[in-house]
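**Q** Make the full structure from the sequences, and use the hints.
Those protein sequences? They're chains F and X, same order as listed. Residues in the first sequence are numbered consecutively from 1, following our numbering. Residues in the second sequence are numbered consecutively from 1, following our numbering.
Calculated directly from the structure, the hints in this document are not laboratory data. Hints may contain errors.
Claimed, not checked - For the chain X half of the interface with chain F, some residues (derived, Cβ under 7 Å), not all of them:
| hint | residue |
| --- | --- |
| 1 | Val113 |
| 2 | Ile114 |
| 3 | Glu131 |
| 4 | Asn429 |
| 5 | Pro431 |
To be verified - So the derived label-pair ranges between C-beta atoms look like this:
| hint | chain 1 | residue 1 | chain 2 | residue 2 | range |
| --- | --- | --- | --- | --- | --- |
| 6 | F | Ser376 | X | Asp312 | 54 to 60 Å |
| 7 | F | Met106 | X | Gly476 | 41 to 47 Å |
| 8 | X | Ile8 | F | Ile235 | 46 to 52 Å |
| 9 | X | Asn161 | F | Lys368 | 33 to 39 Å |
| 10 | F | Arg418 | X | Ala245 | 52 to 58 Å |
| 11 | F | Gly75 | X | Cys27 | 57 to 63 Å |
| 12 | F | Ser376 | X | Ser240 | 55 to 61 Å |
| 13 | X | Ile114 | F | Glu69 | 19 to 25 Å |
| 14 | F | Ala372 | X | Arg133 | 31 to 37 Å |
| 15 | F | Arg150 | X | Val479 | 29 to 35 Å |
| 16 | X | Gly318 | F | Met106 | 54 to 60 Å |
Claimed, not checked - Straight line, CA to CA, 25 Å or less: simulated BS3-like cross-link-like pairs of lysine-lysine:
| hint | chain 1 | residue 1 | chain 2 | residue 2 |
| --- | --- | --- | --- | --- |
| 17 | X | Lys289 | X | Lys264 |
| 18 | X | Lys34 | F | Lys70 |
| 19 | F | Lys368 | X | Lys418 |
| 20 | X | Lys287 | X | Lys244 |
| 21 | F | Lys378 | F | Lys368 |
| 22 | X | Lys42 | F | Lys89 |
| 23 | F | Lys227 | F | Lys89 |
| 24 | F | Lys70 | F | Lys159 |
| 25 | X | Lys130 | X | Lys216 |
| 26 | X | Lys34 | X | Lys92 |
| 27 | X | Lys92 | F | Lys89 |
| 28 | X | Lys5 | F | Lys368 |
| 29 | X | Lys34 | X | Lys7 |
| 30 | X | Lys7 | F | Lys70 |
| 31 | F | Lys3 | X | Lys264 |
| 32 | F | Lys190 | F | Lys269 |
| 33 | X | Lys489 | F | Lys89 |
| 34 | F | Lys250 | F | Lys269 |
| 35 | X | Lys348 | X | Lys397 |
| 36 | X | Lys418 | X | Lys321 |
| 37 | X | Lys216 | X | Lys321 |
| 38 | X | Lys289 | X | Lys5 |
| 39 | X | Lys304 | X | Lys216 |
| 40 | F | Lys368 | F | Lys356 |
The beta carbon of each residue, even a glycine, is placed where N, CA and C say it ideally should be.
Listed here are the chains, written in short residue letters.
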Amino acid sequence: MNKFIERPRYLCTLSGAVATLNVLPRVIPIIHGAAGCGGNISNALNGAGGYFGSGYCGGQALPSSNVYEKEIVFGGEERLAEQITNTLKIMDGDLYFVVTACMVEMIGDDVLGVVNRFRNEGLPVLAAETGGFKGNSYAGYDIVLQTLFREYVQKTSLKESHTVNLWGVVPIQDVFWKGNLRVLKNLLLKLGFQVNTFFGEGENLDNLKNAGSASLNIVVSDTFGIKAAQVFEEIHGVPYICVPLPIGAKATDQFLQTVGDSLRIPKAKIDTVIAEENALYYSYLERLADGYNDLDFQRYSVVVGDSNYAPALARYLADDLGWLPELVVITDLLNDEEKQLLSVRFQGYTSGITPKVVFDTDTNNVSKHIQAHWPSNKSQKYYDSFNPAFVIGSSFERALAEELGAGYLSVTYPVSNRVVLSRAYAGYEGGLRLTEDILSVIVGNR
Amino acid sequence: MDYIKDKIPPVREDRLRACNAYGGLGCDLVEQSKKGCLNGTKRTFSQAQGCQLNLSLAILNTIIDAVVIIHGPIGCSGSNLSMAGMGKNFQKLRHPEATGLRWISTNLGDAEVINGGEDNLRQAILHAEKEFRPSAIIVVNSCVPAIIGDDIDGVVAEVQNEVNARIVPIHCEGFKTKIMASAYDAVYHGVLRNLIQPQEGLGKVVTNDLEELKEKYRISRTVNVLNVSSMSRVDEVELSRLLKALDLNLNILPCYAHPDDFNKATEAALNVSICATHDDYFVEHLKEKYGIPFILRTIPIGVKNTNEWILDIASFFGLEKAAARLIEQENLELEAALAPYREILKGKRVLIGGGEIRVVATADLFQYLGLEVIGMRAYHYDQFVDPLLNDLSGNEKIPFNVATGQAFEQANLIEKLKPDLYVGHVGGNGPAAKHGLPILPVFHQSNTYMGYAGVFDIARRLARILKNSSFNRNLGENVRLPYFPDWYKQDPFAYIDPGK
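**A** Next comes the structure, spelled out in structure tokens:
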């Protein structure tokens, strides 16, 4: 049985599916469901995703069968067939992808049956069952990838030893997804590998279609896109590794080592890339030798976010920025095994810091966890307060930061108080960007 | 009208001459609707839009010191994610102590679809009470629990004894209506059944006859002005200014009201709507139940409509002379202020999209400013717009499209009509911008739109936006819409099926 969630930071399976298809080049999603599903989702993708907008075929352009009471009573298959037929006439795309909402699954529409009629005519139409009650946005991302890997990626026995696929950075739920994919891809290019990310700059559907020839799948997550990786391995025989999202020099060094080892890249080559990147990174960070130490930039900090960002941000704060991430709240719906996996990511910091980690889906509980973690002032004259402090979370944490009198930057979804275009927080480059953004908040009122 | 004894309000298809799919001329629309020709219209291709739950949330999220529980799968509360940040700011404009949006999703999953979700709802209500101690807990019902047969009123009745907050069930399941505006009735239905419970003498201590007389006098000069969630605080200030000039007092409801404020709705001499399609359900019931008369006729957008709106209210109180003086003075001042803008705006060809009443009122406003209205798009149609539409100059030749969203029809219309300017609501502006057009967004919580101040502000903003539309022009040259070129050669309304 599910528990209610107070101010959840994700939507439903359908939403994750729509977001994923929205950012896949020249793909036309078709919702088979009630009229409001698409509008509701588009609001969240745009207004809470750093003003992502509606993309090529999202927002009010998103085809949707808009079933009402009549179809709920008599079935919606006929309406779906009509909608697909007309979508193929009006909407200009290379792949059409039907995703289902709660209602049509509950009434038992045979969506795959309808879609197969079009496929049998050679039309590029796919479908996945993504009814909202199945899970959250991340589940929708995974389901769409699974379907694409099963149905769209071509089977091939020819493997290219220097090509890899990379995913796990969930579009829109990671508001900086496109920048992050760019950075991660560039890092692997430096190691001498071609990379398909499917959603990244300059990629098209061929990157996806030919992904079967890759020699390794790199899932930049412990929790997102894992089932899709298993499907990929089962169908195309490509193994996968899971690595955490790297932010800053320390984590990215490790990312390159882990990925490099898996790809059997000579140690000397990996070390060279790491050395070059660190030299560049510190040529910029050097500038802060004065500011950081004249103004005492160190902060206690609270990190609130999903299971990709929370570990990544905490580690960057501790090991790169030399801060004190006291409390980390991971807001995803996770099973015990996933929680265990994630807990390990908070161990072995080079700084020796070990943040307190809690798993909680409810937004209002974050401040309670701070109160539980940090002793409150019992009218003491000399009180070690939680100050100076900084909060990195979502738009929701603005109120918490005000309450704490802390600095604040929104990084994790939802982000409605920043505009995000090509910015990346992953890698060395992203570490520098994040350092700029965080410290600019601290000096921002000068 | 008396639906409030029922748990669930009727949808608009059953109550009004409502439709959401039409393309043609405005005058034909009214005629065909009267003949009942539009009852079966539908689209054979359609795009995503809002549902009555989305629109209900837009209103309910404004209520102060409430917790909103969205009873459904986790996605149904999604649009709140984008509203949370600014919602708090807009609440604070009215109530500095406002806490901002607080909501809970009952997060119905596979297990609940099979076994029912009533227990999730019960737990969520108890949590809302314990965690926030709100004045009201608003339960918004979605499609899934309606299909699995959750008895939300039953749960509410059972739990109400355990919580102090008043629990307000709202029946706004998306699949039940094509008319998103059914949300207004769904919300008012919940308010009427659960938040308006006037109890004689409660909360007021009348110490002497004089005070009692004063109170009676105050009520006799008080109007309820019914606001909408997409108007701004500045709009409210402007409408207050105009009515206070007639020495009237105002209650502003329902948006940004505190749950306790709804009882005051019965302590007024008159209900004044600013949008008939928004308020008819509420004012009809208040008249039926509490004998409070109402004015529903017009919307204070544009000079002509604002003049009429003031006059209608003044006539009720016998203040015609004072109103005439006010209107004359206001019109003179406004006219002088508008003079510099008339030259800039003259002859600009504009396409307008948004809610039916406001689209037509805005068309009138633009004609007044000297622009040429070449097309209108309304989210839905019902009989409340008939008088405005029949009065609109050029109505017999201006294309009118009834569509909740449906960006493909908009794209086709824009390519065919080639307007100089698009004026629209959130959601339709982005797609229009990709044609390279300058856009004036209206109907937003940050804009001044109503009364005389609204006319001036729109003229001023229009002139500013037209001064440099490079951003959108660049977009138009560099991005493309997702339609085949062939679509633009077809009739924009080719996928509207008139039905039987």
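**Q** Look at each hint and say if it fits the structure.
**A** So, going through the hints one by one against the coordinates:
{"no.": "1", "hint": "Val113", "verdict": "holds (5 Å)"}
{"no.": "2", "hint": "Ile114", "verdict": "violated (10 Å)"}
{"no.": "3", "hint": "Glu131", "verdict": "holds (6 Å)"}
{"no.": "4", "hint": "Asn429", "verdict": "violated (10 Å)"}
{"no.": "5", "hint": "Pro431", "verdict": "holds (6 Å)"}
{"no.": "6", "hint": "Ser376(F) to Asp312(X): 54 to 60 Å", "verdict": "holds (58 Å)"}
{"no.": "7", "hint": "Met106(F) to Gly476(X): 41 to 47 Å", "verdict": "holds (42 Å)"}
{"no.": "8", "hint": "Ile8(X) to Ile235(F): 46 to 52 Å", "verdict": "holds (48 Å)"}
{"no.": "9", "hint": "Asn161(X) to Lys368(F): 33 to 39 Å", "verdict": "violated (27 Å)"}
{"no.": "10", "hint": "Arg418(F) to Ala245(X): 52 to 58 Å", "verdict": "violated (43 Å)"}
{"no.": "11", "hint": "Gly75(F) to Cys27(X): 57 to 63 Å", "verdict": "violated (38 Å)"}
{"no.": "12", "hint": "Ser376(F) to Ser240(X): 55 to 61 Å", "verdict": "violated (44 Å)"}
{"no.": "13", "hint": "Ile114(X) to Glu69(F): 19 to 25 Å", "verdict": "holds (22 Å)"}
{"no.": "14", "hint": "Ala372(F) to Arg133(X): 31 to 37 Å", "verdict": "violated (21 Å)"}
{"no.": "15", "hint": "Arg150(F) to Val479(X): 29 to 35 Å", "verdict": "holds (32 Å)"}
{"no.": "16", "hint": "Gly318(X) to Met106(F): 54 to 60 Å", "verdict": "holds (58 Å)"}
{"no.": "17", "hint": "Lys289(X) to Lys264(X)", "verdict": "holds (14 Å)"}
{"no.": "18", "hint": "Lys34(X) to Lys70(F)", "verdict": "holds (24 Å)"}
{"no.": "19", "hint": "Lys368(F) to Lys418(X)", "verdict": "violated (57 Å)"}
{"no.": "20", "hint": "Lys287(X) to Lys244(X)", "verdict": "holds (24 Å)"}
{"no.": "21", "hint": "Lys378(F) to Lys368(F)", "verdict": "holds (17 Å)"}
{"no.": "22", "hint": "Lys42(X) to Lys89(F)", "verdict": "holds (18 Å)"}
{"no.": "23", "hint": "Lys227(F) to Lys89(F)", "verdict": "violated (34 Å)"}
{"no.": "24", "hint": "Lys70(F) to Lys159(F)", "verdict": "violated (51 Å)"}
{"no.": "25", "hint": "Lys130(X) to Lys216(X)", "verdict": "violated (39 Å)"}
{"no.": "26", "hint": "Lys34(X) to Lys92(X)", "verdict": "violated (44 Å)"}
{"no.": "27", "hint": "Lys92(X) to Lys89(F)", "verdict": "violated (48 Å)"}
{"no.": "28", "hint": "Lys5(X) to Lys368(F)", "verdict": "violated (43 Å)"}
{"no.": "29", "hint": "Lys34(X) to Lys7(X)", "verdict": "violated (30 Å)"}
{"no.": "30", "hint": "Lys7(X) to Lys70(F)", "verdict": "holds (22 Å)"}
{"no.": "31", "hint": "Lys3(F) to Lys264(X)", "verdict": "violated (37 Å)"}
{"no.": "32", "hint": "Lys190(F) to Lys269(F)", "verdict": "holds (10 Å)"}
{"no.": "33", "hint": "Lys489(X) to Lys89(F)", "verdict": "holds (13 Å)"}
{"no.": "34", "hint": "Lys250(F) to Lys269(F)", "verdict": "holds (18 Å)"}
{"no.": "35", "hint": "Lys348(X) to Lys397(X)", "verdict": "holds (17 Å)"}
{"no.": "36", "hint": "Lys418(X) to Lys321(X)", "verdict": "violated (45 Å)"}
{"no.": "37", "hint": "Lys216(X) to Lys321(X)", "verdict": "holds (24 Å)"}
{"no.": "38", "hint": "Lys289(X) to Lys5(X)", "verdict": "holds (11 Å)"}
{"no.": "39", "hint": "Lys304(X) to Lys216(X)", "verdict": "violated (33 Å)"}
{"no.": "40", "hint": "Lys368(F) to Lys356(F)", "verdict": "holds (13 Å)"}
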